[in-house]
Amino acid sequence: MKQAYAWSAIAAIVLASTTGDVLLSRAMKQVGDVGALWRQSGLWTVLGRVLRNPNFLLGVLAMTAAFYSLLFGLSWGDVSLIAPASASLTFVTNAIAARIFLHERVDHRRWMAAVLVASGVVLLAA
Amino acid sequence: MTFRKYLVLAGVTLCASIGDSLLAHGMKQVGNISLDHLHDLILAVLNPSVALGILLLLGFFASYMTALSWADLTYVLPATSLGYVLLTLIAKFYLHEAVTTSRWIGILLISAGVGFVTQGPALTHHPSNAEPHERGCETAGRK
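Going down the list, the protein sequences come from chains A and B.
Note that the working numbering gives residue 57 to position 57 of the first sequence, counting from 1, and the numbers run on in steps of one.
Note that the working numbering gives residue 111 to position 111 of the second sequence, counting from 1, and the numbers run on in steps of one.
Hints may be right or wrong, so weigh each one.
To be clear about the criterion: a stretch of chain A counts as covered by chain B if any three or more of its residues have a C-beta under 8 Å from a C-beta of chain B, and this derived list gives those stretches [unchecked claim]: (1) 12 to 24; (2) 32 to 41; (3) 72 to 82; (4) 96 to 106; (5) 110 to 121.
Sample of chain B residues at the chain A side, in silico, Cβ under 10 Å [to be verified]: (6) VAL45; (7) LEU46; (8) ALA79; (9) HIS96.
Please keep in mind that the hints were generated in silico from the structure rather than gathered at the bench.
Keep in mind it's a predicted model, so treat the numbers as computed, not measured.
Here a beta-carbon is modelled for each residue, glycine too, at the ideal position from N, C-alpha and C.
Model the full structure from these sequences, guided by the hints.
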């Protein structure tokens, strides 16, 4: 039962954090370079633009779901399973989602990076 | 990429790894939470380690948002994965834990992945709905 809860939590973390990452990335691209905007218009303008962005709010909602799934998972499974399994799977699902939904040019270099990092994370937990 | 942008990526890396460690430590103190007592999950934030972990994760969130404003998601995620390497090195040299061969190979793979992605451009796509001013900012982010 413990294992089933742990793997359900991992699936929930991966799904929610991938959704959150894609939405937040889209939101921040719509806002623009935060550093340049801050220097030009001030902190309140940056905060206003970020907090009014619907993608940002939905992204935070998805990240909150991922966070509570992580807490739930950590209370049932070992951190050495939950953290690397969810993190490594998220690297791969994010690369797929970024290509489909954000139209990022995920070339060989980026696929290699995602797969190398995901494999490395798994080995760290071994 | 400017020095300031590398600092932002370092902030993402450090806050995430230290914050996650504190959360894990805190949740072990809180104990198992069953589906019948989900409100315990909300009360878990009162644990000092969980609270400090959440503060650091807020720092992570601010620097992560900043990085995503001038770089692709598929650039930021691998580029900030050095936190795993950092945690292992802390375990080896500060906590004097044994680090197995497979973990050293894991460190090599992550470092290679970070090396791969940081050689390329930070931004590859310009959203069509961004304002002209914003597009200019993103173009600057690639330098």
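Checked hints:
Figure legend: the stretch 12 to 24 of chain A, annotated as covered by chain B; annotation consistent (3 residues with Cβ-Cβ distances under 8 Å, at least 3 required). Only when three residues or more bring their CB closer than 8 Å to a CB of chain B does the claim for the stretch 32 to 41 of chain A stand; here the count is 6, and the claim holds. Using a Cβ-Cβ cut-off of 8 Å, 5 residues of the stretch 72 to 82 of chain A lie near chain B, which meets the minimum of three, so the contact claim holds. With 7 residues bearing a CB less than 8 Å from a CB of chain B, the stretch 96 to 106 of chain A meets the requirement of three and the coverage assertion stands.
Judged by the Cβ-Cβ criterion of 8 Å, the stretch 110 to 121 of chain A is covered by chain B as claimed, because 10 of its residues qualify and three suffice. Hint status for VAL45 of chain B relative to chain A: holds, with the closest Cβ pair at about 9 Å, below 10 Å. Because the closest C-beta pair between LEU46 of chain B and chain A is about 13 Å apart, greater than 10 Å, the hint is violated. For the restraint placing ALA79 of chain B at the interface with chain A, the shortest Cβ-Cβ distance is roughly 8 Å, inside the 10 Å limit, so the hint holds.
Contact between HIS96 of chain B and chain A, as hinted, is not supported at the beta carbon level, the nearest pair being about 18 Å apart and thus beyond 10 Å.
Hint check: violations occur at hints 7, 9; the rest are consistent with the structure.
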